[in-house]
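Asker: Please model the complete structure; the sequences and the hints are all you need to start from.
With my numbering, you'll find the sequence shown wraps up at 188, consecutive numbering, no jumps.
Hints are computed from structural coordinates only; laboratory data are not their basis. It is possible that part of the hints are untrue.
Said to hold, decoys possible - Straight-line alpha carbon distances no greater than 27 Å define the calculated BS3-like cross-link-like pairs of lysine-lysine that follow: (1) K15 to K89; (2) K80 to K15; (3) K80 to K96; (4) K81 to K15.
To be verified - Computed Cβ-Cβ distance ranges for the label pairs, DEER-style: (5) V151 to E115: 21 to 29 Å; (6) V151 to Y181: 30 to 38 Å; (7) R16 to S167: 30 to 38 Å; (8) V151 to I4: 36 to 44 Å; (9) F37 to D170: 18 to 26 Å.
A quick note: this is a predicted structure, and the numbers were derived from the prediction, not measured. Even glycine gets a Cβ: it sits at the ideal position worked out from N, Cα and C.
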Amino acid sequence: MQRIVHLLFEALMLKRLPRSGYHFLGSGSESVAEHSFMITMIAYVMGQMNPEADQGKLMAMCLLHDLPEARMGDLNYVQKKYVCADEKKAVRDLVKGLSFGGEMVRLLDEFTQGESLEARLARDADQLAFLVDLKALADTGRRGPAKWMGVVEKRILTETGRSLAQSLLDTDWDAWWLEKYAEPPREG
Numbered sequence: 001m002q003r004i005v006h007l008l009f010e011a012l013m014l015k016r017l018p019r020s021g022y023h024f025l026g027s028g029s030e031s032v033a034e035h036s037f038m039i040t041m042i043a044y045v046m047g048q049m050n051p052e053a054d055q056g057k058l059m060a061m062c063l064l065h066d067l068p069e070a071r072m073g074d075l076n077y078v079q080k081k082y083v084c085a086d087e088k089k090a091v092r093d094l095v096k097g098l099s100f101g102g103e104m105v106r107l108l109d110e111f112t113q114g115e116s117l118e119a120r121l122a123r124d125a126d127q128l129a130f131l132v133d134l135k136a137l138a139d140t141g142r143r144g145p146a147k148w149m150g151v152v153e154k155r156i157l158t159e160t161g162r163s164l165a166q167s168l169l170d171t172d173w174d175a176w177w178l179e180k181y182a183e184p185p186r187e188g
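Answerer: Given below as structure tokens:
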């Protein structure tokens with residue numbers, strides 16, 4: 001039980017770990033845990049849109065995909081050109097002593113390889129989570145994020161992901177509530 005509790009405290013670190021790519025945008029911020037929530041939420045939706053996918057596996061991949069960052073930190077694309085993190089070692093150490101550690105390793109490996117339907121959807125969910133945030137920042141007047149939306153959109157591989165991305169880019173970030181609540185109340 002002690003080892004499981006250690007895992008939970010390690011996962012807690014993701015709430016405190018900022019995603020480093022936002023420095024290049026000039027605005028916005030997000031913790032790794034906030035990102036993990038959003039990618040998992042998107043994976044849930046994508047799983048509903050793809051009933052042939054194993055939804056549990058898809059969501060588990062998304063939940064776990066950045067867990068090694070609790071040990072390595074969040075390296076952005078520029079940092080990865082100069083710093084070589086040993087993610088395999090981080091994962092090995094992370095799962096050591098866990099009865100379900102082998103399953104975690106399999107899910108993380110499958111995500112990294114990106115070959116299964118679930119892994120492709122999870123990887124697209126990862127990009128879509130970033131795209132959602134970029135779109136919201138751009139819609140609220142931030143200029144930097146708009147430059148990155150096309151770059152991120154090009155990383156999306158599945159038809160479901162491309163369809164979601166297009167709809168997301170065509171929709172104002174606040175349309176979900178503005179359409180309903182912007183109308184003055186009707187008199188009774």
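Asker: Verify the proposed pairing of K81 with K15, using a straight-line Cα cut of 27 Å.
Answerer: 25 Å, holds
Asker: Taking 36 to 44 Å as the hint, is the beta-carbon distance of V151 and I4 inside that range?
Answerer: For V151 and I4 the Cβ distance comes to about 39 Å; the hint holds.
Asker: Could you tell me whether the CB distance from V151 to E115 stays inside 21 to 29 Å?
Answerer: At roughly 24 Å between Cβ atoms, E115 and V151 fall inside 21 to 29 Å, so the hint holds.
Asker: Is the straight-line distance between the alpha-carbon of K15 and that of K89 27 Å or less?
Answerer: 22 Å, holds
Asker: With respect to the beta-carbon atoms only, verify the hint that V151 and Y181 lie 30 to 38 Å apart.
Answerer: 33 Å, holds
Asker: Straight-line Cα separation of K80 and K15 no greater than 27 Å?
Answerer: Satisfied, since the Cα-Cα distance of roughly 22 Å is no more than 27 Å.
Asker: Taking 27 Å as the top limit, are the C-alpha atoms of K80 and K96 close enough?
Answerer: Status holds; Cα separation ~26 Å.
Asker: Take a look at whether the Cβ-Cβ distance between F37 and D170 falls inside 18 to 26 Å.
Answerer: 24 Å, holds
Asker: Return holds or violated for the Cβ distance of R16 and S167 against the range 30 to 38 Å.
Answerer: 33 Å, holds
This entry satisfies every hint, going by the numbered hints stated previously.
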